[in-house]
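With the hints as constraints, model all of the structure from the sequences given.
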Amino acid sequence: MNYELMGKQIRKQRKLKKYTLEQLAEKLDCSTTFIGQIERAKGIPSLETIVKIANVLEVSIDSLVFGDLNSKSGSTHFANKVIELTETFTPKEKDLLLKNIEIFKDFKNNAK
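In terms of my numbering, the sequence shown opens at residue 139 and continues consecutively.
Hints in this document: simulated from the structure, not taken from any laboratory. Every residue gets a Cβ at the ideal spot worked out from N, C-alpha and C, and that includes glycine. Treat the hints with care, since some could be wrong.
[Unchecked claim] Between beta-carbon pairs, the in silico distance windows are: (1) PHE216 x ASN247: 14 to 22 Å; (2) ALA217 x ASN193: 23 to 31 Å; (3) GLY181 x THR226: 25 to 33 Å.
What follows is the structure, encoded as structure tokens:
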């Protein structure tokens, strides 16, 4: 899980709701220090805490965890996931994967 992305999403949603750290912490019955740590990816919340945060901020859990897949942060998540999945690939395997992506892109473009 990308805790840095999640922390940024929590901070973004908190600010959109115009909540201070103190206000969010009070609603979650936890410390401002812990919320700040979550937002900076220095603290790892439990699943229960993520659900509570999503409920208080009135957003989906997946939007906190993955961000908007159509935004720059969503692209970052996608790129990070590809890197994670291919970290054990040899250079030759990575090259083959890139060629397959290019073939898929050409196929998709020609299907329009």
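Here's how the hints hold up against the structure:
no., hint, in the structure
1, PHE216 x ASN247: 14 to 22 Å, "19 Å, holds"
2, ALA217 x ASN193: 23 to 31 Å, "30 Å, holds"
3, GLY181 x THR226: 25 to 33 Å, "29 Å, holds"
The structure agrees with every numbered hint stated previously.
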